[in-house]
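2 protein chains.
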Amino acid sequence: MSALFGKPLSVANVGLSSFADAIAGAGAPVARIDWAPSGGTPQSALAVAQLMTDPAVDAANRKAFDAYLSADPVLEGVGIAREVLPGMGERMLLHSGPPITWEAMGGAMQGAVIGACLLEGWAREAESARAMAAAGEIVFDPCHHHAAVGPMAGITSPSMPVWMLRNRTQGNVSFSNLNEGMGKVLRYGAHSPEVLERLRWMGTTLGPVLTAALRQLGLIELKPLMARALHMGDEMHNRNVAATGLLYKRIVAGALRSDRPVPDIAAALDFMNGNDFFFLNVGMAACKGMLDAAHGVPRSTMVTTMARNGTEFGIRVSGAGDRWFTTSAPVVSGLFFAGYGRGDAGRDIGDSAITETAGIGGFAMAAAPAIVQFVGGTPREALGNSQRMAHITLGRNNAFTLPMLDFAGTPAGIDVCRVVDTGIEPIINTGIAHREAGVGQIGAGITHAPMACFTQALAVLAQ
Amino acid sequence: MSALFGKPLSVANVGLSSFADAIAGAGAPVARIDWAPSGGTPQSALAVAQLMTDPAVDAANRKAFDAYLSADPVLEGVGIAREVLPGMGERMLLHSGPPITWEAMGGAMQGAVIGACLLEGWAREAESARAMAAAGEIVFDPCHHHAAVGPMAGITSPSMPVWMLRNRTQGNVSFSNLNEGMGKVLRYGAHSPEVLERLRWMGTTLGPVLTAALRQLGLIELKPLMARALHMGDEMHNRNVAATGLLYKRIVAGALRSDRPVPDIAAALDFMNGNDFFFLNVGMAACKGMLDAAHGVPRSTMVTTMARNGTEFGIRVSGAGDRWFTTSAPVVSGLFFAGYGRGDAGRDIGDSAITETAGIGGFAMAAAPAIVQFVGGTPREALGNSQRMAHITLGRNNAFTLPMLDFAGTPAGIDVCRVVDTGIEPIINTGIAHREAGVGQIGAGITHAPMACFTQALAVLAQ
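Residue numbers (numbering that gives the first Met the number 0), protein chains in the order written: chain V, 0 to 462; chain C, 0 to 462.
Hints in this document: simulated from the structure, not taken from any laboratory.
Identical chains share a label here; the pair holds if one copy fits it or two copies do between them.
List time: in silico DSS-like cross-link candidates among lysine-lysine, alpha-carbon distance up to 30 Å:
no.	residue 1	residue 2
1	Lys248	Lys222
2	Lys62	Lys222
3	Lys183	Lys248
Chain V extracted, bound-state conformation (with noise of 0.2 Å):
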């Protein structure tokens, strides 16, 4: 000890600035890290050491994040949602994120509901639609306890078309409604005649010529594409348009190909092609469905989703069942468009941070860097999100690889101890809805998975 005191000194402070200071104030140089403990109360710190050291979960989360890793999510067509999905009622309405009641629901989601009675026809009119929505004459119920997902407001009622998806290794389905456009549309809460319009005529003609397009082309699998799209730029969230090109060229193949009449097949592909999100939901399908195979391994801290209902975020996780564990959902700080601003933002919404959750979306930015036009910060910092959500998840996708990082893995499967042990909470490339029904998308950015649900989690899974 004397004889390293004896040499020059690179001095590393890490934490409390005290110990630096006194080392300055003697004269020597230090550099100064900075860094706190998670924020997690002692409870929590002791609930992380017993799990993150028991040799029974961590054989849970290698079973869990195995499941994820191999399943092969593959597009098996386009169905009607009160034929195909599981459980769907006839006076049903699906929506993003945990349980919610009408009376809780923000504008977008409201303003969704509005759209999708109207579009059914068991309203003619808005204020009736609310009506029966207040006097509880639907049923509301999560995407996902019908195996199903949905952007925004998530709201699909029961003649929508959605996508059928398969995940041929460990054999579960998973679903999607179709992707709008941008602009006004129903899953930012936009209710107006254009948007039934286009609604009507996504049932009419789009879902089936996607339909017969798929019979045409048996399944597609989705992984490879979606690693494609990976190195295309693309992170899957809120940059698509790789992806949907990708997933266009297949649809043409087949839809030529099949018996719909030609004005129809150019009118579906032409709505394609002017909406480069138009892959979002079968990506979120696909995630939904690799998630779901990792689901309900007991003892795994690995967390199989992350969904918002634009009132609260909730997660769930695989050894904790069905349980919702939920707080409050943040507004989300971002770019806005033209005329607004973050008073303007209604709370983080959408079943889309099911991209995230499967190691894609904000975890895959290191792919995407022109998306920080979109969703700001820079190049480097989009490269730096992926490095720093290594330090969450269980390990790393290599069936989907980051270029810029040296073709690393994609970082996925978060870890509700990793989370709470580090305090980084998984970051979320969104969408920003208007906070009143009918206005649509006025911005996108980044946030975060709150730390209180997985402190929630957390408590539960020590249990």
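Model the placement of chain C on the given structure of chain V, informed by the hints.
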């Protein structure tokens, strides 16, 4: 000075290591920076000094570079070479690179000539085609002399369909043949029956579908499409998957509204769908159009052509008229397909270096980290390549931005003086053809434009 030497010194030694050795020998720390002069002659150093300090040269370069920047190439249609290519003769074959005789051609180009003679019906079998070529019965002329470009052998015969582009700013037209796909193809010297069959189908079916589709669409602006592809991981020389997808989406929309039979449309779209290099020739013609706009400015030292015929590498310079400056084409090191190695490789070939000349391809590698799996190197080196090329260019093209370099424009406008002054040869991402006729592509890699072309050009420019 004495005050300076009284303080601890931070010494960086650039170049000759003997200076650093002396400092290190005296016990002081020294950072060594590897550097050597460009290896030019005293004459070339003088010529560089003379030209780079001449205000008239500077003005000429600004004029040429601005013409390149302001060029606005649009895709107008598809025509037949004999009908639309300026100066195209009936028994003429266009080829890549600088002028060359039959005897001097390498295997790939001779093979492609044989294939073109068979396609045109000038000969019934390979041997009589060879005899015709050797007897001088065919006129060989560079694509570049006809406002055209062609990848690899670049052989363009009178009956072939060609892309037709117009630069809306300066009015010049440019052309390229259509991409045949990978594997056994004419441009790599293959001329077997399936190669000729495909070329005939391209004339009878693909060309007419593209012509009809483009008639429905009107002009397609190419710079925005190319800019978008750069944000999707293409560098548009050896990676064209995104640009092909973006063009494909446009063609689909036009084709479905055209009068062509649906089976022809489906076959044409399938062909595009199966060929991720389909955009390459369009992009090359766009680059040709931008660079021809910059050509012919007296005193300008800006390079407007880099091209190889499989035997010689040649460049042309804006201020040096139509003169080619040539030297022996290098053999490319790279990643070889299974079963092949460097001994099988022909010399560097093709007009496709027009992409690097226009600031994309190797110059835009920072946009395409995934390409290192095809041409070699690491993602970090890919970034470095784009950064290094900025040392030899007149500026940056802000129409083409590189996300990973904080959206800097791609370096463009290669300057003969800067190349000789720095000793940095322009980088080229390229495919590798087999040295013998009829085999095809055997790999891909990164090569450089030989310095000898630039020192020759410099000597002429300085006169």
